[in-house]
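Participant: Next come the chains, spelled out residue by residue.
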Amino acid sequence: MKKVDFRTDILPLKNKLYRLALRITLDSAEAEDIVQETMIRVWNKRDTLSELDSVEAFCLTVCRNLAIDRHDKKEAQNVELQEELHDRPDHSTPLDDLVQDERMQIVKQLFDQLPVNYREVMQLRDIEGKTYKEISTILGMTEEQVKVNLFRARQRIRDKFKEIENYGL
Amino acid sequence: MDYKYIEQLLDRYFLCQTSLEEEEILRSFFRQEEIPAQLLPYRDLFRYEKAAQKQELGEDFDAKVLAMVNQPVVKARRVRLSERFRPFMKAAALVAIVLTIGNAAQQSFSKKTDPIVRPSVVYTETEPHADVASDGISKVDSIAQPEVQEVVTPD
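Sequences listed follow chains U and E, in order.
Numbered by the working numbering, the letters in the first sequence go through residues 4 to 172 in order.
Numbered by the working numbering, the letters in the second sequence go through residues 7 to 161 in order.
Next comes chain U alone, as it looks inside the complex (with noise of 0.2 Å):
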């Protein structure tokens, strides 16, 4: 495989790292924060990058571990967690400028309060279309796992969609 390049092979890397990272830690500064800290430790690794198969999923990887990492602590670090979790809608991330819609702002509560097993195969998956293989690969996990979690994550959705329909919100 040739050389790894920064520009071309890594930084086009950032948004979809970015959400990974936003997915799992819900705090936007956090992961642009753990982007930022994925790309550096990738890069300082690039001697032995050609040897991977993919770097994308390296660098998912990456990512994906120090955001679990960073909220593994922030969970450990407070009690108050829960309160932070619902006045997050009102903060402005770059996603509520796309998704003004208050419908739209629903859903990603639903995404938000899922696990965050469930969330991050969720966000693979039907975010940024992997399949179970590469999922597999990213996560560190069997195929079978990622199924497990992905199931169960849309079977939460789907209730909660079910409620919202049955009882209003």
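There may be inaccurate statements among the hints.
[Claimed, not checked] Just a sample of chain E residues kept apart from chain U, beta carbon distances all over 10 Å, derived:
(1) Asp-8
(2) Glu-13
(3) Leu-21
(4) Ile-31
(5) Glu-39
(6) Phe-67
(7) Val-85
(8) Ala-99
(9) Val-104
(10) Ser-114
(11) Pro-125
(12) Ser-126
(13) Thr-130
(14) Ser-140
(15) Ser-144
[As the list claims (entries may be wrong)] Here are some of the chain U residues that sit facing chain E, going by a computed Cβ distance under 7 Å:
(16) Val-7
(17) Phe-9
(18) Tyr-21
(19) Arg-22
(20) Gln-39
(21) Met-42
(22) Trp-46
(23) Arg-106
(24) Val-110
(25) Asp-129
(26) Ile-130
(27) Gly-132
(28) Leu-153
(29) Phe-154
(30) Phe-164
(31) Glu-168
[Claimed, not checked] Computed Cβ-Cβ distance ranges for the label pairs, DEER-style:
(32) E:Tyr-9 x U:Asn-47: 30 to 36 Å
(33) E:Gln-23 x U:Ser-53: 35 to 41 Å
(34) E:Tyr-9 x U:Asp-162: 19 to 25 Å
(35) E:Ala-69 x U:Asp-104: 28 to 34 Å
(36) E:Arg-37 x U:Glu-166: 22 to 28 Å
(37) U:Asp-162 x E:Gln-23: 17 to 23 Å
(38) U:Asp-8 x E:Leu-100: 45 to 51 Å
(39) E:Asp-66 x U:Asp-162: 37 to 43 Å
(40) E:Arg-83 x U:Asp-50: 21 to 27 Å
Keep in mind the hints are simulated off the structure, nothing from the lab.
Because the structure is a prediction, the values reported are computed rather than measured.
Don't be surprised by glycine CBs; every beta carbon is placed ideally from N, CA and C.
Given chain U's structure and the hints, the job is docking chain E onto it.
Facilitator: The following block gives chain E in isolation, referenced to the frame of chain U:
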């Protein structure tokens, strides 16, 4: 219109039996304006999935991360105290040289300009010569100007 295919796809979607292409068909379908009532509840889900793909980082991020990556790696280096102060010593030495040269120049200039600087010295030194010169001039003047004698002629 028959929406059986879409309904079937939707069921399979929730059972994780759809392929990536089929999931894309669902997203495209829910992007249309006219959605039958029974499918309407799921419209927002697929619209959101589509909208969330456009979430991006700005250009300023590129500049920031490029600047960080292009920077040479800075490594910690042990520096001895004498090495640490070497630039100051250099500066001090330079100042000393400039002062020495400046002082020397000042002295040589002040010697040359001394008489001019102190007019009193000039006066006392030149006064006797000036007196002699002045006497000489007055003597010459008296010789050069003969006395005009008034001649009174009788009528």
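Participant: Now tell me, hint by hint, if it's right for this structure.
Facilitator: Right, here's what the structure says about each hint:
With a minimum CB-CB distance of about 22 Å to chain U, Asp-8 of chain E clears the 10 Å threshold, and the non-interface call stands. A cut-off of 10 Å between C-beta atoms confirms that Glu-13 of chain E is not in contact with chain U; the least separation is 13 Å. Consistency note on Leu-21 of chain E: stated as away from chain U, yet its beta-carbon is not over 10 Å from all of that chain's, at 7 Å minimum. For Ile-31 of chain E, the non-interface assignment is confirmed: its Cβ lies about 12 Å from the closest Cβ of chain U, beyond the 10 Å cut-off.
Listed as a non-interface residue, Glu-39 of chain E keeps its Cβ farther than 10 Å from every Cβ of chain U; the least gap is roughly 15 Å. The non-interface label for Phe-67 of chain E is inconsistent with chain U: the shortest C-beta to C-beta separation is roughly 6 Å, within 10 Å. Val-85 of chain E, annotated as away from the interface, keeps every beta carbon of chain U farther than 10 Å; the closest lies near 25 Å. No beta-carbon of chain U comes within 10 Å of the beta-carbon of Ala-99 of chain E; the shortest separation is about 42 Å.
The Cβ of Val-104 of chain E lies farther than 10 Å from every Cβ of chain U, with a closest approach of about 47 Å, so its non-interface assignment holds. Every Cβ of chain U is farther than 10 Å from the Cβ of Ser-114 of chain E; the closest lies at roughly 62 Å, confirming the non-interface assignment. Separation of Pro-125 of chain E from chain U is adequate, the least Cβ-Cβ distance of about 77 Å exceeding the 10 Å criterion. For Ser-126 of chain E, the condition that its CB be more than 10 Å from all CB atoms of chain U holds, with the nearest at approximately 79 Å.
Against the 10 Å criterion, Thr-130 of chain E stays outside the reach of chain U, whose nearest CB is about 83 Å from its own CB. Interface exclusion of Ser-140 of chain E from chain U stands, the closest Cβ pair being 94 Å apart, more than 10 Å. Every Cβ of chain U is farther than 10 Å from the Cβ of Ser-144 of chain E; the closest lies at roughly 100 Å, confirming the non-interface assignment. At its closest, the beta carbon of Val-7 of chain U sits 12 Å from a beta carbon of chain E; the interface hint therefore is violated under the 7 Å criterion.
Restraint check, Phe-9 of chain U versus chain E: the minimum CB separation of about 6 Å is within 7 Å; hint holds. Proximity of Tyr-21 of chain U to chain E holds as hinted, the smallest CB-CB distance being about 5 Å (cut-off 7 Å). Of the supplied interface hints, the one on Arg-22 of chain U holds, with its beta-carbon coming within about 5 Å of a beta-carbon of chain E, less than 7 Å. Taking 7 Å as the C-beta contact cut-off toward chain E, the hint placing Gln-39 of chain U at the interface holds, the least distance being around 6 Å.
A hinted interface residue such as Met-42 of chain U counts as satisfied when its beta carbon comes closer than 7 Å to some beta carbon of chain E; here the least separation is about 6 Å, so the hint holds. At a threshold of 7 Å, the smallest CB-CB gap from Trp-46 of chain U to chain E is about 5 Å, leaving the interface hint in force. Evaluation of the Arg-106 of chain U hint against chain E yields a held restraint, the C-beta minimum of about 5 Å falling below 7 Å. At about 4 Å, the closest approach between the beta carbon of Val-110 of chain U and any beta carbon in chain E falls short of 7 Å, and the interface hint on this residue holds.
Annotation: Asp-129 of chain U was flagged as interfacial toward chain E, and the flag holds, the nearest CB pair being 5 Å apart, inside 7 Å. The criterion of a C-beta within 7 Å of any C-beta in chain E is met by Ile-130 of chain U, whose closest approach is roughly 5 Å, and the hint holds. The beta carbon of Gly-132 of chain U is positioned within 7 Å of a beta carbon in chain E (closest approach about 6 Å), and the interface hint is therefore held. Hint on Leu-153 of chain U holds. Least Cβ distance to chain E is approximately 5 Å, under the 7 Å limit.
For Phe-154 of chain U, the interface hint holds, since its Cβ comes within 7 Å of a Cβ in chain E; the closest pair sits about 5 Å apart. This hint holds: Phe-164 of chain U has a C-beta 5 Å from the nearest C-beta of chain E, less than the 7 Å allowed. For Glu-168 of chain U, the suggested interface contact is upheld, since its CB lies about 5 Å from the closest CB of chain E, less than 7 Å. Range check, Tyr-9 of chain E to Asn-47 of chain U: Cβ separation about 52 Å, and the 30 to 36 Å hint is violated.
Gln-23 of chain E and Ser-53 of chain U have their C-beta atoms about 37 Å apart, which keeps the hinted 35 to 41 Å range intact. For the pair Tyr-9 of chain E and Asp-162 of chain U, the beta carbons lie near 22 Å from each other, so the given range of 19 to 25 Å is met. At roughly 32 Å, the beta-carbon separation of Ala-69 of chain E and Asp-104 of chain U lies within the given 28 to 34 Å, and the hint holds. Range check, Arg-37 of chain E to Glu-166 of chain U: Cβ separation about 25 Å, and the 22 to 28 Å hint holds.
In this structure the hint that Asp-162 of chain U and Gln-23 of chain E lie 17 to 23 Å apart at CB holds, the actual value being about 18 Å. Between Asp-8 of chain U and Leu-100 of chain E, the C-beta spacing of about 46 Å keeps the proposed range 45 to 51 Å intact. The given range of 37 to 43 Å is respected by Asp-66 of chain E and Asp-162 of chain U, whose C-beta atoms sit roughly 40 Å from each other. In this structure the hint that Arg-83 of chain E and Asp-50 of chain U lie 21 to 27 Å apart at CB holds, the actual value being about 23 Å.
When each numbered hint is compared with the structure, violations occur for hints 3, 6, 16, 32.
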